[in-house]
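Given the coordinates of chain V, work out where chain A should sit on it, guided by the hints.
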Amino acid sequence: MSDEELDTYLASPRAAPLLDAVRSVGVPVFVGLPEVWAAVGYDGESLSKGGYLHRGFNDLTWLPEPSSDAAGPVP
Amino acid sequence: MSRIDLRDDRVVVIIGSGAGGGTLANELCQRGVRCVVLEAGPRLSFADFEQDEFAMARKLVPADGPEVTSRAPLNQSRPYVCRAVGGTTIHWSGIALRLQESELRARTTYGPIAGANLIDWPVSSSELAPYYERAEDKLGVTGTHGIPLLPANNNFKVFYNGAKQLGYRRVTTGRLAINSRPRDGRPGCLQLGFCLQGCKIGAKWSTLYTEIVKAEATGRLDLRPRCTALQIQHDKRGRVSGVLYADAAGRLEVQKAHVVCVAANAVESSRLLLNSASSRYPDGMANSSGQVGRNYMTHSHSFVMARMPKPVHAWRGTIQAGLLEDERRHDEARGFASGYLLQTIAFGLPFTVLAMKPGAWGKELADFMRSYPRLAGLVILGEDLPQAGNRVTLSKQGKDRFGMPVASIYREHHPNDRALLQHAIQRATELYKGVGAEEVHVQDAAGSTHNMGTNRMSASPRDGVVNSWGQTHDITNLFVADGSQFSSSGAANPTLTIVALAVRQAQYIARQLGARAL
Chain V
67 MSDEELDTYL
77 ASPRAAPLLD
87 AVRSVGVPVF
97 VGLPEVWAAV
107 GYDGESLSKG
117 GYLHRGFNDL
127 TWLPEPSSDA
137 AGPVP
Chain A
5 MSRIDLRDDR
15 VVVIIGSGAG
25 GGTLANELCQ
35 RGVRCVVLEA
45 GPRLSFADFE
55 QDEFAMARKL
65 VPADGPEVTS
75 RAPLNQSRPY
85 VCRAVGGTTI
95 HWSGIALRLQ
105 ESELRARTTY
115 GPIAGANLID
125 WPVSSSELAP
135 YYERAEDKLG
145 VTGTHGIPLL
155 PANNNFKVFY
165 NGAKQLGYRR
175 VTTGRLAINS
185 RPRDGRPGCL
195 QLGFCLQGCK
205 IGAKWSTLYT
215 EIVKAEATGR
225 LDLRPRCTAL
235 QIQHDKRGRV
245 SGVLYADAAG
255 RLEVQKAHVV
265 CVAANAVESS
275 RLLLNSASSR
285 YPDGMANSSG
295 QVGRNYMTHS
305 HSFVMARMPK
315 PVHAWRGTIQ
325 AGLLEDERRH
335 DEARGFASGY
345 LLQTIAFGLP
355 FTVLAMKPGA
365 WGKELADFMR
375 SYPRLAGLVI
385 LGEDLPQAGN
395 RVTLSKQGKD
405 RFGMPVASIY
415 REHHPNDRAL
425 LQHAIQRATE
435 LYKGVGAEEV
445 HVQDAAGSTH
455 NMGTNRMSAS
465 PRDGVVNSWG
475 QTHDITNLFV
485 ADGSQFSSSG
495 AANPTLTIVA
505 LAVRQAQYIA
515 RQLGARAL
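Order-wise, the sequence lines are chains V and A.
FYI, the numbering for the first sequence is 67 to 141, going by our numbering.
FYI, the numbering for the second sequence is 5 to 522, going by our numbering.
With the rest of the complex left out, here is chain V (with noise of 0.2 Å):
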């Protein structure tokens, strides 16, 4: 098959079952990548540094904090 006939076929109805499953067996795979992860910017797991609670949990300042009543006091 020359490239141009893959891209046709790709492209065609015929594929879809094709792709549906190399979708369902790749997707889960590539975003499950310690590679994958880092490009996007997920930590991945956080026990080996303590969690989140001295690094960022609530780090976010564009918009205003919640009144005391709402949440409790950073321990």
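No wet-lab data here; the hints were simulated from the structure.
Think of the CB as a built atom: it goes at the ideal place given N, C-alpha and C, for glycine as much as any other residue.
Hints are not guaranteed to be accurate.
Under 8 Å between C-beta atoms, here's a sample of chain A residues computed to sit facing chain V [said to hold, decoys possible]:
1) T146
2) H149
3) T176
4) G192
5) G197
6) G321
7) P354
8) G363
9) R374
Okay, derived cross-link-like pairs now, DSBU-like style, lysine-lysine, Cα gap no bigger than 35 Å in a straight line [to be verified]:
10) A:K63 x A:K403
11) A:K63 x A:K260
12) A:K403 x V:K115
13) A:K63 x A:K204
14) A:K204 x V:K115
15) A:K437 x A:K400
16) A:K63 x A:K240
17) V:K115 x A:K361
18) A:K367 x A:K437
19) A:K168 x V:K115
20) A:K260 x A:K240
21) A:K218 x A:K260
22) A:K437 x A:K168
23) A:K168 x A:K314
24) V:K115 x A:K63
25) A:K314 x A:K204
26) A:K63 x A:K437
27) A:K361 x A:K204
28) V:K115 x A:K218
29) A:K400 x V:K115
30) A:K260 x A:K400
Rough simulated footprint, nothing fancy, chain V against chain A, three-plus residues with beta-carbon under 8 Å [stated by the list, open to error]:
31) 52-59
32) 160-170
33) 309-317
Chain A only, in chain V's frame:
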């Protein structure tokens, strides 16, 4: 830990060790009652918990679970039920809310609704209040017993500001069975994230390291992990006499029993009763009403996530510390019965993609993943009306590894659930748009991990399976101690109610045993 003889017929046998079974075992042991707990899953330790969503799903959720079918397309996979000591209290997010009087009186409050099989609970909020009180103390629920609320994390800050500009008033970090400071031998929350994968430090309550351990300390508990209950047996008089189970090596054993309590999570509990059919009980055990398996409820449940203009890093911290209660009320002006909660939620990247963008591909997937650090998220949790046709039956083909039929779940949405979710999605979208959301993603009617009904509580033996004590209407020494007892779902996460009912049931069983009435 004590070892109880298989032929000892003076014991209480409890099937399941989660919120219902684990609590019931401890409460009975504390009252001097010896218990055998049969738990199908293994006993995990903190070291077994992994901060990895896929790895923990593989460890906790059985592969030979129920089948799910529907006439209409249903955005729901298999129920997420944990098979391990501690059950689904390993996975739960810790939200601990009481049912309201209006929800317990569902039929009276909402009136007749076509297609809904509504009844009132045979127990009132004032009867439940002391048990809720006890349950909140046991779990260490924030906002009760002088326990501070958890601090505001970034996801909550977006949620809170969005809610306030809509005029909502009841917005807090919520009632959580997660220590905001050390309590009951457990540490305070370190904002680890990964609450759903088993709390690595035990700041979140689970029966695994609270109730079960306390019960063992009495010397009256014989906990048997990797022991799968297959059938409940009865004697010639029709009274329950023991439980047939497969042990860790796959050997079949029978544990004799004076009382049996089923607490295997709603779907598995009704399956066990159906699998216990005999010549005396041809339609399954405790099923003279035909209600076993019926009125299966989850919750009306949709995820709403918003791409904000700046980073949120919602996964950093307690994953569900945000609660909006203003819409939890029955108000016919909104066009549906009952109400809903909005609760913040954040998953890791893998679950976020799979929950919000199943089937996405190419640019759509890439754009969504790139936006992940800027996502704020919530889940809608609304009442799900009971319907007789939403039910658990025994699969005709599927069998577990012991040859017992697996559960087959049939479920479809009631029009009320659709109207409720439509309203809630609209409000949630406005909430985020009001604080600058650039794009709002909705995953509508996503399956929740709550399983309720299928052995419901009723005043009349015609309408349900158990009475207000969780005792089956048909067989005095057979009880149900999990969410399958729920007469209706309310708009509250079920665990606190399961715990409160287990405390109440333990008190009842101990008294009845003392009076030789069981």
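Against the structure, the hints come out as follows:
Interface restraint check: T146 of chain A against chain V, minimum CB-CB distance 7 Å, threshold 8 Å, status holds. With 8 Å as the threshold, the beta carbon of H149 of chain A stays out of range of chain V, its nearest partner Cβ sitting at about 14 Å, so the hint is violated. A least Cβ separation of about 5 Å between T176 of chain A and chain V falls short of the 8 Å threshold, and the interface hint therefore holds. Of the supplied interface hints, the one on G192 of chain A holds, with its beta-carbon coming within about 5 Å of a beta-carbon of chain V, less than 8 Å.
A distance limit of 8 Å between C-beta atoms decides the matter here; for G197 of chain A the minimum to chain V is near 6 Å, and the interface restraint holds. Contact between G321 of chain A and chain V, as hinted, is supported at the beta carbon level, the nearest pair being about 4 Å apart and thus within 8 Å. A hinted interface residue such as P354 of chain A counts as satisfied when its beta carbon comes closer than 8 Å to some beta carbon of chain V; here the least separation is about 5 Å, so the hint holds. At a threshold of 8 Å, the smallest CB-CB gap from G363 of chain A to chain V is about 6 Å, leaving the interface hint in force.
Checking R374 of chain A against chain V by beta carbon gives a least distance of about 7 Å; that is within 8 Å, so the hint holds. Taking the CA atoms of K63 of chain A and K403 of chain A, the gap is about 21 Å. The hint holds against a cut of 35 Å. Using a Cα cut-off of 35 Å, the hinted pair K63 of chain A and K260 of chain A holds, with the two alpha carbons roughly 30 Å apart. A distance of roughly 44 Å separates the Cα atoms of K403 of chain A and K115 of chain V; the hinted pair therefore is violated under the 35 Å criterion.
As the CA atoms of K63 of chain A and K204 of chain A are separated by approximately 15 Å, the hinted pair is consistent with the 35 Å bound. Distance restraint check for K204 of chain A and K115 of chain V: the Cα-Cα separation of roughly 13 Å lies within the 35 Å cut-off, and the hinted pair is therefore satisfied. Simply put, K437 of chain A and K400 of chain A have alpha-carbon atoms about 48 Å apart, too far for the 35 Å limit, and the pair is violated. At most 35 Å may separate the alpha-carbon atoms for a hinted pair to count; K63 of chain A and K240 of chain A exceed this at roughly 41 Å.
The straight-line distance between the Cα atoms of K115 of chain V and K361 of chain A is roughly 30 Å, inside the 35 Å bound, and the hint therefore holds. For a cut-off of 35 Å, the pair hint linking K367 of chain A to K437 of chain A stands: about 24 Å separates their Cα positions. The straight-line distance between the Cα atoms of K168 of chain A and K115 of chain V is roughly 34 Å, inside the 35 Å bound, and the hint therefore holds. For the proposed pair K260 of chain A and K240 of chain A, the alpha carbon gap of about 15 Å is at most 35 Å, so the pair holds.
Distance check on the hinted pair: K218 of chain A and K260 of chain A sit about 24 Å apart at the alpha-carbon level, within 35 Å; holds. Distance restraint check for K437 of chain A and K168 of chain A: the Cα-Cα separation of roughly 13 Å lies within the 35 Å cut-off, and the hinted pair is therefore satisfied. Distance hint between K168 of chain A and K314 of chain A is fulfilled; the C-alpha atoms sit about 19 Å from each other, no more than 35 Å. For the hint pairing K115 of chain V with K63 of chain A, the CA-to-CA distance comes to about 24 Å; that is within 35 Å, so the pair holds.
Among the hinted pairs, K314 of chain A with K204 of chain A is consistent with the structure: their alpha-carbon atoms are about 30 Å apart, no more than 35 Å. Only pairs whose Cα atoms come within 35 Å are accepted, and K63 of chain A paired with K437 of chain A is rejected, the gap being roughly 38 Å. Restraint check for K361 of chain A and K204 of chain A: the C-alpha separation of about 28 Å stays at or below 35 Å, so the hint holds. Between K115 of chain V and K218 of chain A the alpha-carbon distance is near 31 Å, which keeps this suggested pair within the 35 Å criterion.
For the proposed pair K400 of chain A and K115 of chain V, the alpha carbon gap of about 50 Å is over 35 Å, so the pair is violated. Between K260 of chain A and K400 of chain A, the direct Cα distance comes to roughly 30 Å. Compliance with the 35 Å bound is thereby established for this hinted pair. Remark: the region 52-59 of chain A is confirmed as covered by chain V, as 4 of its residues place a Cβ nearer than 8 Å to a Cβ of that chain, reaching the required three. With 5 residues having a Cβ less than 8 Å from any Cβ of chain V, the region 160-170 of chain A passes the three-residue criterion, so the hint holds.
Judged by the Cβ-Cβ criterion of 8 Å, the region 309-317 of chain A is covered by chain V as claimed, because 5 of its residues qualify and three suffice.
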